[in-house]
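Student: Here are the chains, one letter per residue:
There are 2 protein chains.
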Amino acid sequence: MAHRAGGRALSLMRGRLRLPGLAAVVGGCAGRGQARLGSSGAAVQRAPRTAGAEEADAEVNIRKKTFAEVQTERLEQAERTILIKCPSKLNEKKLLQYLSSHGNIKSHFLFENRGIHALIEFSEKNSIASLQDAVGIPSAVEHHVVPFKSRLFTFMLKNPVSQAAEETPVHLSPQSHIPVKDLIQKLCHADSISSQMYILLNEYQLTEENIRLRFLACSLVRDFARAYFPDSVVRPFGSSVNTFGKLGCDVDMFLDFHDTQKRATKMKKGPFEMEYQMKRLPSERLANQKILSVIGDCLDNFGPGCVSVQKILNARCPLVKFSHQPTGFQCDLSVSNSIAIKSSELLYIYGCLDSRVRALVFSVRCWARVHGLTNSAPGNWITNFSLTMMVMFFLQKRSPPIIPTLDQLKVLADDKDMHVIGGYDCSFVSDLSKIKPTENTETLDVLLGEFFEYFGNFDFRKNSINLRKGKEVNKPESSPLYIWNPFEQDLNISKNVNQPQLEKFVAMARETAWILQKEDKTQRMINKEPWGLAALMIPFGKSNHNKMKNRVKGIGSETIRSLLDSLKLNSASSLQKAVEK
Amino acid sequence: MAHRAGGRALSLMRGRLRLPGLAAVVGGCAGRGQARLGSSGAAVQRAPRTAGAEEADAEVNIRKKTFAEVQTERLEQAERTILIKCPSKLNEKKLLQYLSSHGNIKSHFLFENRGIHALIEFSEKNSIASLQDAVGIPSAVEHHVVPFKSRLFTFMLKNPVSQAAEETPVHLSPQSHIPVKDLIQKLCHADSISSQMYILLNEYQLTEENIRLRFLACSLVRDFARAYFPDSVVRPFGSSVNTFGKLGCDVDMFLDFHDTQKRATKMKKGPFEMEYQMKRLPSERLANQKILSVIGDCLDNFGPGCVSVQKILNARCPLVKFSHQPTGFQCDLSVSNSIAIKSSELLYIYGCLDSRVRALVFSVRCWARVHGLTNSAPGNWITNFSLTMMVMFFLQKRSPPIIPTLDQLKVLADDKDMHVIGGYDCSFVSDLSKIKPTENTETLDVLLGEFFEYFGNFDFRKNSINLRKGKEVNKPESSPLYIWNPFEQDLNISKNVNQPQLEKFVAMARETAWILQKEDKTQRMINKEPWGLAALMIPFGKSNHNKMKNRVKGIGSETIRSLLDSLKLNSASSLQKAVEK
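These protein sequence lines are chains A and B, in that order. Adding 4 to a residue's 1-based position in the first sequence gives its number in the numbering used here. Adding 4 to a residue's 1-based position in the second sequence gives its number in the numbering used here.
Check before you lean on any hint, since a few could be wrong.
Chain copies aren't distinguished; within one or between two, either way the pair holds.
Claimed, not checked - Listed next, the in silico SDA-like pairs over lysine to any residue satisfying Cα-Cα at most 25 Å (straight line):
1) K325 <-> Q293
2) K250 <-> S327
3) K401 <-> P91
4) K522 <-> H423
5) K283 <-> Q136
6) K283 <-> E116
7) K294 <-> T158
8) K499 <-> G383
9) K129 <-> M278
10) K129 <-> K414
Note that these hints are calculated values from the structure, not bench results.
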C-alpha cells in the first residue's frame, strides 16, 4: 500500500494545544485547568468554555510532576474538600462568605448533578471539622436518618422567596462531554485533521473539576474505610488518573492497606513481643472479600447518596460497584491492586511524553465506539485499555519512535523505581525529565491514517503485541488478539476478544485507512459535509447517500465489506487476501 | 399460717457483710472491690478470695454515687483500658514494666479465659495510642489478617524456654461463680440463714473485676460504633449495672445516639441553614435495624474474638447477639433503649438502699433456678427480672417497708430527675441520700420465709403486682401472672408466664415456706446435712432419703405436690384449696 504523500503541516492550533495538553496532564491531567476554579469570595461569572488554548501560557512552565507526586497532592487536596448541595436559586458569594467563617476557601466550583452542587476546597483540613461541628442533622425527620456525618452537606435558604431575588448568575462546570453529533459539528470547523483530534481530546478528556470530583469520591469512600483501618487510603486508578480518562467514565478505586502492613512488628525490643489480636483468615483473598463486603454494607446503609451497591466478591478481583449520586460517578471499589496502579503510571508517563499520544488515543477510541467495536458492557469487544495499548505499541513502532518501550523505561529506572510485585518486575522510570523527547515530527493527520493502515495489515494470526519490547512477538497461544500484559507477562489483556470482533476491527481499520487516503481537501469545504475525523465519527452505514456514493466509487470497499460480513471469514489473513484482490 | 417465733439475731457475719455489700454497690456494685486490683508495678501474690469481709472497712466511707455517676466513671475507665492475652508462663512484673513505658498503669488484674489474660487500666487514654503505635500486626500470617487495630493484644515471650524460669505465681481473679454443690458446702458452715444468704450473695454477685470486664466489652463495641458515629456510646444496662447481676450473666448493651441527636441544627444564624446529607429512612426502627446489621457485620468480620454473631433484627427490640471471646461474655447489642436504662437505675437504687434487698433477690433467684422455675432459654418460665420485681414488691409491702414505692421515689425527684420517655413518665429521684433509710429491722431469715409464704398465698387470679403504687391492684387483663412494667404501665413484664408455670412457682413457694418453718436449729448440726438455705438449693425430689422422709412426715406435701402435678390443676385458687384440705 502506498504511503500518503507527506503530512499536513502543523497548524497553529496544534502548536498551541500541544503544550497545554502536556502541562495540564502533569499538573493533574486536564486541559481546562485550575485557572477556571474560583478563589475565596470570588463569585464572578466566568467565560464560556473554549478549547482551552488561552490557558496555555500560564501552565507552560509547570514542571513535570511524577505520577506519585500528582496522586499525593490530589489525595491531600481531596481531604480538604467538601461537597454542598445548593438550592436552585443561589447567591454564590453569600455561600462562600458563610463558609469562610470556618476557614479560608482555597478554590471552589459549581456544577449541575441532580441539582446544583458546590465543591469547596478549604486551605486547612480542620476547617471541615469546624464546619461539621456547627452543622445540624436533618431536623424534620430527626429520628429517621442514619446519623453518619460525612463531608456532604445541604445548603438551604430559610426564606427562599425573598432570597431568590438576590440570586446572581452562576457558572456551572460541565461534568460530561458533548454528544457526538455536536462534536461532529465542531470538528467540521477545524482546519486540519490534527486540529480536529485536539478538539476531540479537549472535549472528551477529564477536566480539572472532574478530576477533583473523582478524588473527592475516593476520599469520601476512604472515610468509610478509615473508620476501621485508620492508615488505609482509597486511591483512584485507571482512567481517572492515567491521562486517558474520558468525561463520564467510571471511577476505579482501590483500598490500600500498604502503610498498615509496612508498620508491622516494630515493638520487638527486649525479650518480649506484642502484637494485635486480629481476625485471621485462611487466605488474603478471603480477608479482602470480607473487608469489601462490610465496606459495601456501610456505603449502602450509611453513605448518603450511595445507591445500587452491588458486591461482586467472587470475581478474580473482588469488587463493590456502587453509584455515588453526590458526585454523579459509577464507582468500582476493590482492594490493594499494586499492579493496576503501576499500569496507570505507565500510561500516565506515555500520556505526558507527547501530546500526540493522548490525541491519537482519544480519536481511535471515539472511532471504535461509534463503530460498535467497543462497548461499556462486558463481552467479546475490544476494551478501551486494549485499544490504548495498541496505540502505544503503534507509537513505539514509528521511526523514530514517539514513545519508548517499557524495557527502555526500565533501563532509566533508579533504585527507588525498582518494584517487584507478586513476582512481576514492575520497574520503570518515574521521573519524566529523564526520558529524552522524541525526534519524530509526524503530524497527527499522518499518524491517524498510519494507525489504521498498520493494524489493517497486522498479522494477528501469527503475532502478538508486546509493549515491553516494542515489537511483534510470536503469539504464545492461540487467542485471536494477543496483547501482553506489560507487567504480568503471562497474561493477555485482550483474551476476551473473539475472532469475529477482531475481524470487524480489522475491516473497519482498513475501511478507515482507505477513507483517510481518499480524503479530498478541496472537496470538503465545498460539500459542507463532515470531513476528516468528523467523517470517521459517523457509522459507515449511516453516512448520507452522496458521501456514501463517493466512497463506493473508490474501490467499492463498502461492497467488499458487506461481502466479508456475509461470508464471516474467520481469519485476518483471508480477510487480507480478499481486500488485496 | 403461724409466724415463725422471732428472727435469729444478726450474726457478726451479717453485720460485717452488710455494709461492704452496700458500699461496694455504690462504688461499682461488687462485694470484692478495688482493693484486690494491683497497682502499677506491683505484682505480688494476693490472698485467696474470702467472703470479702476484710475489705469492708476501706469501703465504708465511700459516698453513695448516683447511677449516672457510676456509669460515667466506669465508661471513662473502660476507655483507658486494654486487654492482653498472655503466655501461660508469665512474669507479671515484667509485663507491667514493659507496658509502663507507654504510661502509668492505674490498676490491673489477671484472669483465666481460654488462656491467661491481663486487664490493664492506664491513667491516661493516650497511653493506649502510644502502645498501639508501637505494636505490630501478626507477622507470621501477615497477609491473612483483617488489620483492624483494637485494644486487644497478645503478649509473647521471644524465648519461652529460658524465660519460663522467671515466671512467678500469679493471682487469677475468678470470673465465674462456684458450682451449686460447692455453694451448698459453704452454706452449711454458716451460723444462720442470714449469713448463708450473704455468703450466697458474695459468691454469685459480680466482682469489681468482672464489672470492669463488662464495661470493657461495651467500650470495645463502642470502638466499632464510634468509627461511624463518633458521638455514640455503648452502654451496658440490665444485670451488668443494676446490682443484681450474677457472675456469668449476659452483657446487655445498647448503642446510644442521644448526644448526636441533641446537637441537631445548631448552625441557623443568618438567612441560611446547613445540614448533613444523610440516609433517610421511613422509620426509626428501620434505621436502627440497618445500623445494627452493619455493626453486626463489622463485629463478625473485623472484631477479634467476636464469634457466633447472630442478627435478630425482626424482634420487637432488634438486637445482635454475639460471643465476645476475649472477655468471655455473651453479649446482646441493641439500639438506644432509654427506658431499659431507667429500669436498671431503679433496681440500682433499690439494690443500694439496703443490703437485705440484694441478698434476698440472689437467694430467691438461686432457689428458683435449682427448682426449674427459671431457665436461660426463652419460654413460659418466670424471668429473673420478674422474680426480682416480685421481691421488690414484697419488700415494699413489709411493715415498715424496706424500700419505697416508685411513686414515693417520684415525689423525691427534683427537676433534673424529670424524664418522660416515649410518653411514659420515668421520673424518680437519682440522689440516694434523699431517700430516708428504712426503719424495718427484720432479719433475712424472717424475710426469706415470709417471701415464700407471701407469694404462696398471693391471689394471682385476681391481683396484679404494681411497684409504682406498692400494692396489689386488680389485674387489667387475664394473664396468669401480671407484673406492671414500672414505666411502660400498659405492659405486663411477665406476660410470657403460663398457668402451669405459675402454679409450679406457687407450689414450690409453699413447699419452701413449710420447710423453712419446720427448720430445726438443733437438728441440723447433728445430722450434718444441708440445712437452711442450703437445703433449699437441692431439688426437692433429689434430697436424700432421710431428709425426704422427715419432710414427708410433716403434712405429706410431697405427696400432694405429685398429686397436683398429675392433675395439672389450672388455677392457683384450686391449688390453694387442695393444700388447705
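Student: Given identical chains, is K499 near G383, meaning Cα to Cα at most 25 Å, within a copy, between copies, both, or neither?
Tutor: within (11 Å within a copy, 61 Å between copies)
Student: With 25 Å as the alpha-carbon cut-off, assign the pair K283 and Q136 to within, between, both or neither.
Tutor: Between copies only: 17 Å across chains, 33 Å inside a chain, cut-off 25 Å.
Student: At most 25 Å between C-alpha atoms: does K129 with M278 qualify within a copy, between copies, both, or neither?
Tutor: between (34 Å within a copy, 19 Å between copies)
Student: How would you label the pair K294, T158 (within, between, both, or neither) given a Cα cut-off of 25 Å?
Tutor: between (33 Å within a copy, 23 Å between copies)
Student: Cα distance capped at 25 Å. Does K325 pair with Q293 within a copy, between copies, both, or neither?
Tutor: both (13 Å within a copy, 23 Å between copies)
Student: At 25 Å max between alpha carbons, let me know whether K522 reaches H423 within a copy, between copies, both or neither.
Tutor: neither (48 Å within a copy, 87 Å between copies)
Student: With identical chains treated as interchangeable, where does the CA-CA distance between K250 and S327 reach 25 Å or less: within a copy, between copies, both, or neither?
Tutor: within (18 Å within a copy, 50 Å between copies)
Student: Check K401 against P91 for me: Cα-Cα at most 25 Å, and say if that holds within a copy, between copies, both or neither.
Tutor: neither (54 Å within a copy, 64 Å between copies)
Student: How would you label the pair K283, E116 (within, between, both, or neither) given a Cα cut-off of 25 Å?
Tutor: Between copies only: 21 Å across chains, 44 Å inside a chain, cut-off 25 Å.
Student: Quick one: K129 to K414, C-alpha cut-off 25 Å, is that within a copy, between copies, both, or neither?
Tutor: For K129 and K414, the Cα distance exceeds 25 Å both inside one copy (38 Å) and across copies (49 Å).
Consistency with the previously given hints fails for numbers 3, 4, 10, ordered from lowest to highest.
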